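Engineer: Residues per chain are reported as follows:
Protein chains: 2
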Amino acid sequence: MASSVTNYPLPMLIIFSLFHYLIFSSLCSSISASDSKSDRPITIDSLRASLEEQEDFIVFSLIERARYLSNYPAYDSSYLGLKNCSFVESFVRETEATQAKFGRYQNPEELPFFPALQSFQSSVSPLFNFSQILYFPASRVNVSRTIWDMYFNFLLPLITRDGDDGNYQQSAASDLICLQALSKRIHYGRFVAEVKFRDAPSDYISAIHAQDSETLTKLVTSKTVEETVIERVKKKAKLFGQKVTVEKNVGNETNYKVDPAVVSDLYAEWVIPLTKQVEVNYLLRRLY
Amino acid sequence: MASSVTNYPLPMLIIFSLFHYLIFSSLCSSISASDSKSDRPITIDSLRASLEEQEDFIVFSLIERARYLSNYPAYDSSYLGLKNCSFVESFVRETEATQAKFGRYQNPEELPFFPALQSFQSSVSPLFNFSQILYFPASRVNVSRTIWDMYFNFLLPLITRDGDDGNYQQSAASDLICLQALSKRIHYGRFVAEVKFRDAPSDYISAIHAQDSETLTKLVTSKTVEETVIERVKKKAKLFGQKVTVEKNVGNETNYKVDPAVVSDLYAEWVIPLTKQVEVNYLLRRLY
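The listed protein sequences derive, respectively, from chains G and R. To convert, note that position 25 of the first sequence is 25 in the numbering used here; the numbers rise steadily by one, no gaps. To convert, note that position 19 of the second sequence is 19 in the numbering used here; the numbers rise steadily by one, no gaps.
Derived from the structure by calculation, the hints contain no laboratory data. You may find that some hints are simply not true.
When chains are identical, the list treats them as one kind, so a pair holds in a single copy or across two.
[Claimed, not checked] In silico PhoX-like links for lysine-lysine, alpha-carbon gap of 25 Å or less:
no., residue 1, residue 2
1, Lys223, Lys248
2, Lys243, Lys218
3, Lys248, Lys235
4, Lys243, Lys223
5, Lys218, Lys196
6, Lys223, Lys83
7, Lys218, Lys83
8, Lys235, Lys218
Quick caveat, the model's predicted, so the values are computed rather than measured.
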């Protein structure tokens, strides 16, 4: 059975070459437009639109992880004899190294959980002109460790059923996708803070000079927006986590793949507070 | 800024150890039940339930890939100077090697696109007692190459907008998730065929002896089931791909993240026919 996808016969190679040529020639005109992405203004509205899209993906990712059992051996560093490193941590480290090599962390929206210096090198992907709007070194604000602990200690036990189905790699890969989605969302606080600061620097400057976290927290808080987000993610967990059939009308479900209350709690207790913590920590460093 | 998540302070280590102990001791009683998963009967109903769940994940994955632009440089083997291997192929090869090392392909439901022999070794994960219900060598039936070509030539241009946003690694990672979800779904045809054969061997034996693909295709075809699946995935693409707001009722959307007609066409023209091809090819080898 031919299972390799590399040794194409000649006619297929010709079709492929033609396909590549067509794709490539039709798209060449858009290269300059795409390359100038960094010129597009980033506004609070464009950031909020991205955060809304990211919500969908966070809910999808949690539902996907919930398909597997808890698979506890993957989380116990003594169980697999890996010397102080659980299966999942070992998998995340190796996967992040590969992703770094392929350029993931060129995009300033992405932060690794294990930023070993050597893995930052993007040896395969060419440099891309990503927007660099963040202020350095405030851009280094990082709550990865808190996200990691929250995910494994709080969230994972609430979305998985106890047991061992042997799919350790699949569970770990799903964990990493959830972790990355949460990390990207929470660290978006840096971009939100930068744009808020640029829009009205005078609102923040005195609190920054006074290193007044409490005032800054008040300034970046909008209770109405927060309540809307929490309600919306609950609705998304219901919509995306129901069993869909052709006959049934939507919205009658009670048995969701991930408990919608867990998703709204995740946002209320972790995602929103951590995003604000990132915003405030970013602002505290914004003038220094 | 502390960004590494490995060097935990002592109190946190104690909390973690306690957490692991609690998790582990509470779950030990379920080990035997989980280990005996292979004893649970696999029925056509349990397979259909899994295929339904897999549909959700396929739709989620396509929506996720659609968040990025087409990112054509990642698909052109000449563009990045990788010597006859595109960025995406190179990424898939390396990622599959890591996933193999962590035991992904121990589970007979998973098939790699690049099954280099050395990457089958699972050096990190211990052996798990997965159900081995497939008949060898029929189990080696494989349409990975067709899925690969279909995905890049047919599907990807229909779900992405033209352009280059520089997120090559993220696009390639999303591609791999889509490819793996489609491959798992389509190669489930092997399990479906095995269970259908076991349920009523006499229905198939003469056609198998005659190597009569046409009769076998008729035997594994249920137009009603197929039509339901196609209608259901379209409904899922609408539900999961709509813009959800707190105020708006669901179902009023017309601007979906992935065109629902593309998803139903994907199933009608590729997923269902390829699954049946896998079923028939499996049955043709079922007695030899």
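Engineer: Are the hints correct? Go through all of them and say.
Structural biologist: Results of checking the hints against the structure:
no.: 1; hint: Lys223 to Lys248; result: between (36 Å within a copy, 21 Å between copies)
no.: 2; hint: Lys243 to Lys218; result: neither (41 Å within a copy, 30 Å between copies)
no.: 3; hint: Lys248 to Lys235; result: both (18 Å within a copy, 11 Å between copies)
no.: 4; hint: Lys243 to Lys223; result: between (33 Å within a copy, 22 Å between copies)
no.: 5; hint: Lys218 to Lys196; result: within (13 Å within a copy, 63 Å between copies)
no.: 6; hint: Lys223 to Lys83; result: neither (46 Å within a copy, 54 Å between copies)
no.: 7; hint: Lys218 to Lys83; result: neither (45 Å within a copy, 55 Å between copies)
no.: 8; hint: Lys235 to Lys218; result: neither (27 Å within a copy, 43 Å between copies)
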